[in-house]
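J.: Residue numbers (the working numbering), protein chains in the order written: chain A, 1 to 151; chain B, 152 to 689.
Please keep in mind that the hints were generated in silico from the structure rather than gathered at the bench.
It is possible that some hints are incorrect.
[Said to hold, decoys possible] Now the in silico label distances, taken between C-beta atoms and shown as ranges:
#1 K104(A) / D260(B): 43 to 49 Å
#2 E262(B) / L40(A): 57 to 63 Å
#3 I20(A) / A198(B): 47 to 53 Å
[To be verified] Pulled from the structure, derived: some chain B residues nowhere near chain A, Cβ distances all over 12 Å:
#4 F169
#5 L172
#6 F176
#7 Q189
#8 F385
#9 T478
#10 E481
#11 A627
#12 Q637
#13 D668
The beta carbon of each residue, even a glycine, is placed where N, CA and C say it ideally should be.
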Amino acid sequence: MTEIYLRLVDLILTPVIMLIAIMLFLRGHDLPGGGFIAGLVFAAAIELTILARGAEATRERYGPWMTPLIGVGLSLAVIAGLIGVYGGGFFHGMWIEFYVGGDKLKLGTPQLFDLGVMLVVIGMAITYLLRLSEAAEAAARPLPTKEGGQS
Amino acid sequence: MTLHPTVLALPVAIPLIFGALGLLFQSVRPTRRVRIQQTFTGIGLGANLVLALIFLVFTLSGGRMAYQMGLWPAPFGISVYLDALTAIMLTMVGLLSVVIFPFALATMDVERARAGFFPLMLFLLMGANGAFITGDLFNLYVFYEVLLMSSFVMLTLGGTPSQINGGIRYVVLNLMGSMMLLLAAGITYGTLGTLNMAHIAVRMGQAPYLVQAVIAGLLLIAFGAKAATFPLFFWLPSSYHTPHPVVTAIFSGVLTKIGMYSLFRTFPLFFPWLLNDWQPMLMTVAGLTMVIGVLGAFAQPTIRRLLSFHIISQIGYMVMGLAVAMTPNEFGVGFGLALAILFLMHNQLVKTALLLGGAAVELEMGTGKLNELGGLVKKMPVQATLFLIAAFSLAGFPPTSGFIGKLGLLEVTFSAGQWVIAAVSVVVSLLTTMSMIRLWQYVFWGKPHRTQPNRSGRAPHNAMLMTTGPVAILVALSLLIGVAAQPALDMVQVAASQAIDRVGYVQVVNPELTATDLQSLQELPAANAWRTAESAGG
Numbered sequence: 001m002t003e004i005y006l007r008l009v010d011l012i013l014t015p016v017i018m019l020i021a022i023m024l025f026l027r028g029h030d031l032p033g034g035g036f037i038a039g040l041v042f043a044a045a046i047e048l049t050i051l052a053r054g055a056e057a058t059r060e061r062y063g064p065w066m067t068p069l070i071g072v073g074l075s076l077a078v079i080a081g082l083i084g085v086y087g088g089g090f091f092h093g094m095w096i097e098f099y100v101g102g103d104k105l106k107l108g109t110p111q112l113f114d115l116g117v118m119l120v121v122i123g124m125a126i127t128y129l130l131r132l133s134e135a136a137e138a139a140a141r142p143l144p145t146k147e148g149g150q151s
Numbered sequence: 152m153t154l155h156p157t158v159l160a161l162p163v164a165i166p167l168i169f170g171a172l173g174l175l176f177q178s179v180r181p182t183r184r185v186r187i188q189q190t191f192t193g194i195g196l197g198a199n200l201v202l203a204l205i206f207l208v209f210t211l212s213g214g215r216m217a218y219q220m221g222l223w224p225a226p227f228g229i230s231v232y233l234d235a236l237t238a239i240m241l242t243m244v245g246l247l248s249v250v251i252f253p254f255a256l257a258t259m260d261v262e263r264a265r266a267g268f269f270p271l272m273l274f275l276l277m278g279a280n281g282a283f284i285t286g287d288l289f290n291l292y293v294f295y296e297v298l299l300m301s302s303f304v305m306l307t308l309g310g311t312p313s314q315i316n317g318g319i320r321y322v323v324l325n326l327m328g329s330m331m332l333l334l335a336a337g338i339t340y341g342t343l344g345t346l347n348m349a350h351i352a353v354r355m356g357q358a359p360y361l362v363q364a365v366i367a368g369l370l371l372i373a374f375g376a377k378a379a380t381f382p383l384f385f386w387l388p389s390s391y392h393t394p395h396p397v398v399t400a401i402f403s404g405v406l407t408k409i410g411m412y413s414l415f416r417t418f419p420l421f422f423p424w425l426l427n428d429w430q431p432m433l434m435t436v437a438g439l440t441m442v443i444g445v446l447g448a449f450a451q452p453t454i455r456r457l458l459s460f461h462i463i464s465q466i467g468y469m470v471m472g473l474a475v476a477m478t479p480n481e482f483g484v485g486f487g488l489a490l491a492i493l494f495l496m497h498n499q500l501v502k503t504a505l506l507l508g509g510a511a512v513e514l515e516m517g518t519g520k521l522n523e524l525g526g527l528v529k530k531m532p533v534q535a536t537l538f539l540i541a542a543f544s545l546a547g548f549p550p551t552s553g554f555i556g557k558l559g560l561l562e563v564t565f566s567a568g569q570w571v572i573a574a575v576s577v578v579v580s581l582l583t584t585m586s587m588i589r590l591w592q593y594v595f596w597g598k599p600h601r602t603q604p605n606r607s608g609r610a611p612h613n614a615m616l617m618t619t620g621p622v623a624i625l626v627a628l629s630l631l632i633g634v635a636a637q638p639a640l641d642m643v644q645v646a647a648s649q650a651i652d653r654v655g656y657v658q659v660v661n662p663e664l665t666a667t668d669l670q671s672l673q674e675l676p677a678a679n680a681w682r683t684a685e686s687a688g689g
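Excised from the complex, chain B in its bound form:
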């Protein structure tokens, strides 16, 4: 299978063009305008998913490619790069958008739809796709800004006071994260003289340890803030419960996961040795993220607040996988990263399913407060069942994707000799189970506290299929990964092996490199040898 490299422009171009076409009709009569925008969004999301699936097939058969925007050659122009990791992320986010779309059609209220919710979905997708596919550090920052702006508008769409409050916290804390990324890009350009990721990878090994540490630290803070890891997660629980429930579902599948993806992309490419050097710190971050997330979830009074703390908790597992990515173990170097990618996919599916289930409850009952809900298992039996399966998947019960992901991560951390974090992750799994059962019990079990018609938007009753269908698809996919674990593992192993293959990345993006450059990429300094060489030299 061969693809013309120009198609790599499409993941950004497709959402942009359909979003722009939708905006053209903003002055048309409102009911028609919304219908037109919905049509464009539907077409755009569908086309994007088809494209992403083509990319996935292409990369899983071993293909990788790069494209130079505007045909400016590699270190000078902006490169975009496609490998299996990129394709998996493009597919997952494309899939989630397509699945959430009917749910949004059924439940989005008139004011928000008229204010332009549907084109915004495409702009968010464009930002996400751009951040996945770019091969340029500054361009990555630009796409983070696109994401931040469209998600900020989505978050405050509707303009209730709590939304404005949450939106301001969200945007201020995220802007600080973006500032760190910009600072890292500036320092990279000032010290290494390049922003092209392949070029950075070549030159990073020759830079002094201090420069490496500063850039790596800033990137860790920036992406860590975006991914909501331990000290920097405050923006998430203070904003995710405020917008329309569908928006929360979109955010949980897209936003924090892009921060994780950027960590997966940049660390193994720029400074794989630092993943070993900094392993204790990364493990601490991972452990604290897990523990504090899950403990925070116990204290939450509403469905969405509770689930947003679980988002944070689950991010910890991915950081754990990343931390052992370059550690030798019996499964081979990079297996930790493969499992972290698998866990990320699992989390996108399950967390979105849970939030959509929660959204259905919230829209049906008009409230998400746990002590005002109860006994919904009779009223919404399908949603209750799906929610239970998704909850068990999140906790890591077989035969779901959560089981495969957690078991694999446990094995690889054991094998790498990281007993403490493995123990922490097991305890956190147990706590997650308790918390999810508590949530299910509050919402679906027991006696109905009160029954009242839903207050916001169209009645989800009229659109039973459109609200349960998406959740069912996501839960089915989670079960599919759990049952067909081997194909899924093969897939993420291809992705991880490509992600840690620095020579391959550089050769694809910039084929005109000399042999000595590639030599320096291959022989990595061992962690301690590097440090002693530094202290001896200085």
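Isolated chain A (complex conformation):
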């Protein structure tokens, strides 16, 4: 099985990397960051879990949700466009501003679109990372004996 120190690193670092991903997502639009990068970083966090606990365990935990996640992401992106129709045009940016203790916060349809992108990227990246890891683990396993396997 996997090494204990890797599992320890996974336990500590995975949530931290996920937080970094969320931070990158939130600071997008005006500063470097955004949905695509955040999705990749988030997938990197889960890749750490794959390395620490193996592809099988990770697939049990996240696997079934990945394709629906792509669907949710794409739907969110379209919904962001459709909200824009209300404001005059497809993908027209709509913003709401509100104040939290004196700090101005802005939320808008570009952010919703970015969230959609992030979910799609997470779904895609993890789907193929899982497949790759499974292939790699299968290759690393000792070969079956002659009579059991086929040529």
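Chain A is already provided as a structure; the job is to place chain B on it using the hints.
T.: Relative to chain A, chain B alone:
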């Protein structure tokens, strides 16, 4: 008839939303999941066709419109543009998807359906629609990538070794084509400072001849690779025979035709004078594409390999039409383009009909090898008849759409004084007839070589109507174009006249242009005058 411009977002939004809804149910129990996805795909394809037909009616009455995505004004945001050429392509691809859908329902095997074949149909449609409707060069590249990715997944769905092999060739060679398109977009932005197609059209005339030639050459290579023209067609015959037969039928109606559409759209808009300047080269490409395609078809051992070489051969006719698009002739400038569009429509119908007929045979018999088939005319009389009509249409016999298309192209090339290519196209038609009769004879005539139950998927016997119905519809449409040639010709002439009307395009997309800009669009330099001015200046 008036339409709100926002509806121009729908050709992309409809397939996307229904595809995404289908993916949401990917973790549901497989049998239910497939049923749900099939329902969504059916609704999405139907809605898309209705929308495309509305667009067609709107544009054929002379309407054109543009929409600025997110309301960013024209040269800065992404414009989408609708005219008759766009509407015809949207309608044709929408129609083909709707017609193929029941065939796919009847024959798609369980594994591929569970892996998500039906949402993929919608994503492919989205890529196609986006490539048709966009008015932005970089956005065009993006939609080509959407197309490439969804078609690559469709091609390798099922994961047999031959599919992976063909899929890798397909994706590598197509990525090189996409690279050329990206390079062209980059050079356009670097030299002209814009990616909006209307804006490019305005500025292209002022650019040095070298810049024009480089951009035009790169676009020709990129779209030529996508359309499978002469030196760049290798990806097509090495991949089209590997996936599920329905997938091949979808590809033949959609993929190569989008490359052709992009040539029809960009060349008359950006550099119509180059169509005359480069006519000898385009004619060579057209001729070689025709000849090599049809000669390659004679050597092929299976139905689908043979038909994929015919796809290439027929692309040559469209390039021929494009090459004489701007040449003055007795029918008026642009008539060559009109016929090329008509020929493209004809080809989409007939080629899809042939591939679906071939697919029915292949699924019924479990093999597509010509020397293992024979005598199917007794077993599948309807398919055999339809296949024969479609084959004659492909060869260009009256009263089919192929006859109208080829006759018109011949007349316009004669009238433009291009005797050599006209002769080549006649010879190629003859060879096509021979090849198609040979194919029909091998598959449907003679003694049955062997009879065996089909090996893959559900028995097409249970779904006779769903497999012959689509082919019958396509063949009927081909005959309809052949019989009612005048309405069809009127339609494509509207499309061609709008496609070569650069001033109109620019005014629709970007109404705030100054009068001098439009002036420069109208007075095109004659081909040779331009070149002498260049050499005198340099």
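J.: Check each numbered hint from earlier against the structure, then list the numbers of those it violates in ascending order.
T.: 1, 2, 3, 4, 5, 6
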